[in-house]
Amino acid sequence: MGSRPGPRLPRALRRVAGGFAVPLGSVIFAFIVGALLVAVTGGDPFQAYSGLLCGGLGIACANGENSALQISTTIVYFTPLIMAGVAVALPFRAGLFNIGAEGQFLAGAVACTFIGVKFSNLPAPILLPLVLLGGILAGAIWAGIPGVLKATIGAHEVVTTIMLNYVAQWLIRYLIVGGPLQLPHGFSVSSPIGAGARLPSFLPNDNSLIIFGLPAGVYRVHTGLLIAIAALAVFAILLWRTSLGYEIRAVGQSQRAARYAGISVPRTIIVTMLISGAFAGLAGAIQIAGIDHNLTDKYFNDTTGFDAIAVALLGLGSAVGILLASILFGALHAGGAVMQQDAGISSSLVQVLQALILFSIAANFLRVLRFPAFGRRPSAPSPTAPAAALMTEAAKAPPEETQT
Amino acid sequence: VTFLGDIAHVLATADLWRLTLEAAALLLLPALGGVISERSGVVNIAMEGMMLTGAFFSVVADLAWHNPWAAALVGIIAGGLMALIHAVVSIRFRADQIVSGIAINIFATGLTVFLVNRLYGLADVGHVGQANLLPYINIPLLDQIPFLGRVLFQQNVVVYAALILLVVVHLVLFRTRLGLRIRAVGEHPQAADTAGINVYVIRYGAVITSGVFSGLAGAFLAIGISNTFVHDMTDGRGYIALAAVIFGKWTPFGAFVACLIFGLGQAIYDNNSIIHVSQYLLSMLPYVLTLVVLAGVVGRSIPPAADGIPYAPENE
Numbered sequence: 004m005g006s007r008p009g010p011r012l013p014r015a016l017r018r019v020a021g022g023f024a025v026p027l028g029s030v031i032f033a034f035i036v037g038a039l040l041v042a043v044t045g046g047d048p049f050q051a052y053s054g055l056l057c058g059g060l061g062i063a064c065a066n067g068e069n070s071a072l073q074i075s076t077t078i079v080y081f082t083p084l085i086m087a088g089v090a091v092a093l094p095f096r097a098g099l100f101n102i103g104a105e106g107q108f109l110a111g112a113v114a115c116t117f118i119g120v121k122f123s124n125l126p127a128p129i130l131l132p133l134v135l136l137g138g139i140l141a142g143a144i145w146a147g148i149p150g151v152l153k154a155t156i157g158a159h160e161v162v163t164t165i166m167l168n169y170v171a172q173w174l175i176r177y178l179i180v181g182g183p184l185q186l187p188h189g190f191s192v193s194s195p196i197g198a199g200a201r202l203p204s205f206l207p208n209d210n211s212l213i214i215f216g217l218p219a220g221v222y223r224v225h226t227g228l229l230i231a232i233a234a235l236a237v238f239a240i241l242l243w244r245t246s247l248g249y250e251i252r253a254v255g256q257s258q259r260a261a262r263y264a265g266i267s268v269p270r271t272i273i274v275t276m277l278i279s280g281a282f283a284g285l286a287g288a289i290q291i292a293g294i295d296h297n298l299t300d301k302y303f304n305d306t307t308g309f310d311a312i313a314v315a316l317l318g319l320g321s322a323v324g325i326l327l328a329s330i331l332f333g334a335l336h337a338g339g340a341v342m343q344q345d346a347g348i349s350s351s352l353v354q355v356l357q358a359l360i361l362f363s364i365a366a367n368f369l370r371v372l373r374f375p376a377f378g379r380r381p382s383a384p385s386p387t388a389p390a391a392a393l394m395t396e397a398a399k400a401p402p403e404e405t406q407t
Numbered sequence: 002v003t004f005l006g007d008i009a010h011v012l013a014t015a016d017l018w019r020l021t022l023e024a025a026a027l028l029l030l031p032a033l034g035g036v037i038s039e040r041s042g043v044v045n046i047a048m049e050g051m052m053l054t055g056a057f058f059s060v061v062a063d064l065a066w067h068n069p070w071a072a073a074l075v076g077i078i079a080g081g082l083m084a085l086i087h088a089v090v091s092i093r094f095r096a097d098q099i100v101s102g103i104a105i106n107i108f109a110t111g112l113t114v115f116l117v118n119r120l121y122g123l124a125d126v127g128h129v130g131q132a133n134l135l136p137y138i139n140i141p142l143l144d145q146i147p148f149l150g151r152v153l154f155q156q157n158v159v160v161y162a163a164l165i166l167l168v169v170v171h172l173v174l175f176r177t178r179l180g181l182r183i184r185a186v187g188e189h190p191q192a193a194d195t196a197g198i199n200v201y202v203i204r205y206g207a208v209i210t211s212g213v214f215s216g217l218a219g220a221f222l223a224i225g226i227s228n229t230f231v232h233d234m235t236d237g238r239g240y241i242a243l244a245a246v247i248f249g250k251w252t253p254f255g256a257f258v259a260c261l262i263f264g265l266g267q268a269i270y271d272n273n274s275i276i277h278v279s280q281y282l283l284s285m286l287p288y289v290l291t292l293v294v295l296a297g298v299v300g301r302s303i304p305p306a307a308d309g310i311p312y313a314p315e316n317e
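As given, the protein sequences belong to chains R and Z, one line each in that order. All residue numbers for the first sequence refer to this note's numbering, where the first residue is 4 and numbers rise by one. All residue numbers for the second sequence refer to this note's numbering, where the first residue is 2 and numbers rise by one.
These are computed hints drawn from the structure, not numbers from a lab. None of the values given here were measured: they were computed from a predicted structure. Keep in mind that the hints are not guaranteed to be accurate.
Simulated DEER-style distance windows between Cβ atoms [as the list claims (entries may be wrong)]: (1) Z:Gln-191 to R:Ala-42: 41 to 49 Å; (2) R:Trp-243 to Z:Arg-93: 30 to 38 Å; (3) Z:Asn-199 to R:Arg-259: 44 to 52 Å; (4) R:Phe-215 to Z:Gly-122: 54 to 62 Å; (5) Z:Ser-227 to R:Thr-44: 22 to 30 Å; (6) Z:Glu-188 to R:Arg-252: 30 to 38 Å.
Ideal Cβ positions, reconstructed from N, Cα and C, are used throughout, including at glycine.
Turn these sequences into a full structure, and let the hints steer you where they fit.
Take a look at the structure:
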């Protein structure tokens, strides 16, 4: 291998270009196919995408939308995505596929709401840490079950986490439709959490204060963003600067080699899942504490945990990548609403784009075009394609003990 | 005591068991598809999306042509095409089959709503007339048998089809050369390849079959049990079918038993006015039971050896 001369670029530059090529190519592929779909069904792709651009990034707004407000909405969308993205990316490194970030996210949201409602009179310095810890714990438990099942008897984590997603989803329906958390005389909403359980917004909810032409209260960016950034830093440090991170990566590379190195594979699997669930649960808690303040029927169709899979894959499992991918998907979701309003194109186009990105990044369609920079042979692992390497590790699911 | 009495009363009604079989058949079709696909070594968590696509296109076709049979065929083809995407991405491009499956499910949700919006605007999709639904057919004479007649022989045409397919799939998988080849490809593709079996053809065929079955289930849901399309109307049934595949240890009849258990839960749910158990807690049942099975309480559930691993010939 490696006899083929690459393009004459400095090595560092080539690595950066190679790292960005696959995700960027996937996004471009998705937008082209999405545009074709809009055009074929009689829509105007340019109008659709300018709606997305306006809603997502506050650029090129045709109907006088407020740019600052659009950007604020995007930030609100991507805040939980960062943490949920970490919850998927970390197990990838250990060769585990956590499809259950959704269930763990919902478990965190439930725990936060439950504590925030039941102890609503406690002051913020006590209640706020309590609801966030509750979310972390609930998420960790929700991911810990598949972790234990995987480590002890080799039950495939993909299947167990899918099952737990639905258990969490039905649990929420049970709790807020006639169940113990339902707002008295309400329907499909829980009681609101106490004032002490709420994360402060960056801007005061003061309508006499005008910022960028709108009252400050409309910008809903909250301090959960800081927690999300901190979570991202914790993820990077944990993975690359701690012995646990080394063990996680070693198990992901080869369980057999890790075992020879004296690493307990079952323990690493369980710990990885617990930490992963903690991140997703924290995301759910922050969504309640920072923005929603109660569970609503919106959570029946929540997709944060599934978006997180796309975030982790598109971000190639790195902290910077997760941040960038979260911003992209946050912008797409925020932009979808404006696109639907301005261009009359259903916001579900965003899901179509997301699916296309997933197809493209998983299949690495670019390979077929045989560009020198990413024309690698499928069988040859290459440092420029960490996602593909992660994926092959994730595909060999059961621990070796179970294989006979 | 009255509670147990109520349960006994409900369990004694033929209608409960008729509904159980109907709900089970709806799950059985994608589950059979899942069994075939996974037996050939391609993990399929995309039955949900294939069903949803089948449901949508069968409604579109039925509204346009007023013919349930043609509409069901359109639903079947749509499900098959969705499966073809999964097949191309995961067999030709050797992508991760789980990512591809997730992508199919997200794609189906997005595409159907997008197309509803393009085709029908913001209004409802519209309702299919009673005359244009997939019919319920009473089998002459047999339907007169007390109790059993109501349960077994006053069903929708798709229920009969699902039961026939159950037997056919079982026989093909375990009694024919084709079945042996499918299983060989799923257990040890290299050996199968050496023995002259075309791994790709078998896997393409198996995955597309799973889409065809799921598409039929979608049509049954949309223009048999219901009469319109609504956003995400499959509501996790494709995943319950996946649970049934695992619960049934990758065998057709095992999956059918699981579908009956899950279907009974669904039927009790529909009779909720009599049995006062939260319908939402009941809805968790399939997922919790599958977790219990996976936890090894009812014996181990072990997938085909090459399930989920893309096949790459060694000389490539």
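Need the list of violated hint numbers for this structure, in ascending order.
3, 4
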